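Student: Sequence:
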Amino acid sequence: MLWHRFLFLMLFALTFCVAEQGFSQTANIIGKVFDKETQKPISGVRITILNTDRGTYSSSSGFFRLTNVAVGSKILFRSIGFDSYTYTFDGTVQDTLKIYLNPLPVQIAEVESIGEIEVNEIIKRAVEKKKENLDRLKTLQAKVYSKIFVTLGGGILDAPEKNALRIQIEKKSEAEKKQDSLLKEFFKNVIAETFSNVFIDYTKDIKYSEITERRQTANFPKEANILVFNEFLSFYDEKVKVLSTEFVTPLAKNCFDYYRYELLGRENFGELYVYIIRVTPKTEVYPAFEGVIKILEKSYNLLELELTPSRFSFIDMFDSLKYTQKFTALNENIRQPSYLELTGKIKVEILKGFLDLALNFRAVSIVTDAIINQPLPDSIVAKSEKQKIAVNPQADSTKEEFWSQNNLVETSDYEKSIYKKIDSISKTVDTLQKKAEKSFTWGIDPAIDRIGTGFNRVTGYSLGISPYVKYKSFSLVFSPSYSFGQKKFYHSIDFKYSPKPQSKITFSIFSDVTPSTMDDKMPIFLNTLFAYLFHWDYYDYYHRKVWRLEYQLSENRIFDFIDFKIAYEHSTQSSLKQISTGSLFSNSAWRENPKITEGTFDILEMDLTFGNLQTGLMPSANEDKIGYRFSFRVDVGIRDKTQNFGVFYPALLIKIPTVYTGYDPMSLSILFEGGYAAAETPIQYSFRMPNFYGLGNFYTAPTGVFGGNKFFAIHFQYNFSDLFWRAIGLPLWNNRGVEILISGAMGKYFNQATLPIVYKPTNNLYTEFGLGLGRIPLFITNLAYWGFEVRYNTSKHLFGRWGYSLNLSAPF
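Under this note's numbering, the first residue of the sequence shown is numbered 1079, with each subsequent residue one higher.
Rather than coming from a laboratory, the hints here were simulated on the basis of the structure.
Bear in mind the structure is a predicted one, so any value in this text is a computation, not a measurement.
Accuracy of the hints is not assured; some may be wrong.
[Said to hold, decoys possible] Quick list of the computed label-pair ranges, beta carbon to beta carbon:
(1) S1887 with I1734: 16 to 24 Å
(2) N1812 with D1685: 36 to 44 Å
(3) L1554 with Q1580: 15 to 23 Å
(4) V1712 with F1334: 55 to 63 Å
(5) E1410 with I1858: 54 to 62 Å
(6) V1370 with Q1580: 43 to 51 Å
(7) V1547 with L1686: 30 to 38 Å
(8) F1802 with K1477: 26 to 34 Å
(9) F1710 with T1130: 51 to 59 Å
(10) E1479 with I1734: 49 to 57 Å
(11) L1856 with P1471: 47 to 55 Å
In this text, a Cβ means the ideal position worked out from N, Cα and C, and glycines have one as well.
Work out the full structure, taking the sequences as your base and the hints as a guide.
Tutor: In structure tokens, the structure reads:
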């Protein structure tokens, strides 16, 4: 289901917003902190066991928990604007210890005369102190409790019968129908919690985390619950990044270029005052925060902050976002972040006003039991060389009693009911799934991504369907189609087995029309539209009668991916005559469909693609680092049992960030491609110059003219981002402008084949260069943007020829 996939995508996206760390055990004191005058709970109170490195914070309900508190321990309660209070634990355990703090007046009058210079001086000293804190911290060993609570809603989930646009006919059992109904409730809320140990050596760049305990609602796979990162997200950092939006923090070295500061007053914090400073953005071009930071007098340590993105900032799909962070003294000289709370809302407008998804979330991380500047154990250093995050084998064996006695953020009655409800639904769904697995599921797909349904100049109008039957991990798909141009029936039978979600084995028998050459840039569905509406048929075609066995593996991890495919096929291949005489608006002649090298073929094919540049809606590699994607295809075959041939087709894409913009940096993308096919390679396995759209295409090249059995090509695009558009004040959409692009391509195709020449070699270097615009809003969705490019041919082949491209791109 779309909203099911969206949930896990968004939970993944949230890991770019918040980072966490580990914990200890056995609760002894549970309490609440209240304002003595108003009797209301106080949140964010720092609670410290004196003469130890242990402590915690009170929640929004005033709740706190301390574990392993020795009799006679003194516990200090401190909060800005309140008198400090020390409680001595005498060993008496109460159900709920109630602590009352006396409020203190805000000192406003004393600071009314302080001007901008004095405020800026406070900030300068705070920036210097931040650097001292970072320089003094060499190693960190800590325990962290982390929790995230997500509520999913929106049109797709709340009213799927109105919003789900179905183009599929399915026959479902009563058990499956009931299961679908339950799943709507099943995914509305997600809770995940972890305790983790974190080890960091900043001098040696060693980072290792181990999740010691974890739990989550039954609708969230435990394997996905890795709410721990190798660094606690800190506003001590120069920049904070959320998806593709990067904020300069209010205490960065160059903070005065981005922020204004206003001293609002002073409040007491123990025997010292705390400066209350409002932060507002100085820029409307770059993303920035606004809110309040609190700085301790004399030491100028950052104590607390509450920040949200300014109204001039934009984060893709985020409706709102708020950071609350608190800092605590690890010793007399070092103060580091120890509490982080993140709240916000994500909204995806699939079709504005008609189809949407929404996700509200709250995430909390609390650092406790921190040990600093002690050498990391050798065993931890050895483990860090193998992996960054590990899960203790006993992490999932904890009982409810453990969490009720140890979690540092109170589990509300509402959250308890969610755990109970989802666990109950999960058991019902499991029962229904077992029933469904014992029965067959069938349906009919329209097969719009196959040549068997659509239009082109060879098959004319084609009509096809794809009825299927599924049972457990097996499926059988039968795809018959009829070509009104060829006046023939074609068919495909696919038997699929998925031993794991990421792998698939397919055995196919088919007699169908297939695009020729290694050029597969255009989706079949789009080719149908372009051929029918604009009289442009991108592909060349031939008939292929095949049996084929294929294994496919796809691994998509957080920051990288790998796709692998290996297949063997036996086929009979023959040329097809051009049949169609016109399209919807034109009866002019089509370009000729070239003949292929006919015969009987045995072919072994292997494809491998890997890298950190994802495609589609998955965020790609860290935009601040160089991204890459490498792929190659190898075909080894024999024709008519006598003629051997082979094809090798590698490609490397590199994306290099260059200039900070606050969003995706300006970047240079370069694609290197090459291909080699033996002289005896059949025409249908040779190379053709692509001229669709995007990096890797020649926009000014005529379709189906240039090609050969060898080639090399270099494509580039420099994206200036939307910085200039924003800087000169042009109209914005969601505080973002239009990206400016320059691009080009150069390549050379050779034809040294012994077979007839169908595609002309370029002989000389083919070159073209151009300009473009990207991130043009569609206005009806925030999932995609328009892009437009135009190029000019500068080579001898077609000098002066223009080409253009209109495309869609994802926001990441």
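Student: Against each hint, give a clear statement of whether it holds in the structure.
Tutor: Quick rundown of the hints versus the structure:
As the Cβ distance of S1887 to I1734 is approximately 19 Å, the hint placing it in 16 to 24 Å holds. At about 38 Å, the CB distance of N1812 to D1685 agrees with the hint of 36 to 44 Å. Under the hint 15 to 23 Å, the C-beta atoms of L1554 and Q1580, about 21 Å apart, fit the expected range. Checked against the given bound of 55 to 63 Å, the beta carbons of V1712 and F1334, roughly 57 Å apart, stay inside it.
Under the hint 54 to 62 Å, the C-beta atoms of E1410 and I1858, about 58 Å apart, fit the expected range. At roughly 46 Å, the beta carbons of V1370 and Q1580 sit within the given window of 43 to 51 Å. A hinted range of 30 to 38 Å for the beta carbons of V1547 and L1686 is consistent with their spacing of about 32 Å. For the pair F1802 and K1477, the beta carbons lie near 59 Å from each other, so the given range of 26 to 34 Å is not met.
For the pair F1710 and T1130, the supplied restraint of 51 to 59 Å holds, since their beta-carbon distance comes to about 58 Å. At roughly 53 Å, the beta carbons of E1479 and I1734 sit within the given window of 49 to 57 Å. Separation of L1856 from P1471 is about 48 Å and conforms to the stated range, judged on CB atoms against 47 to 55 Å.
Comparing the model with each numbered hint stated earlier shows that hint 8 is the single one that does not hold.
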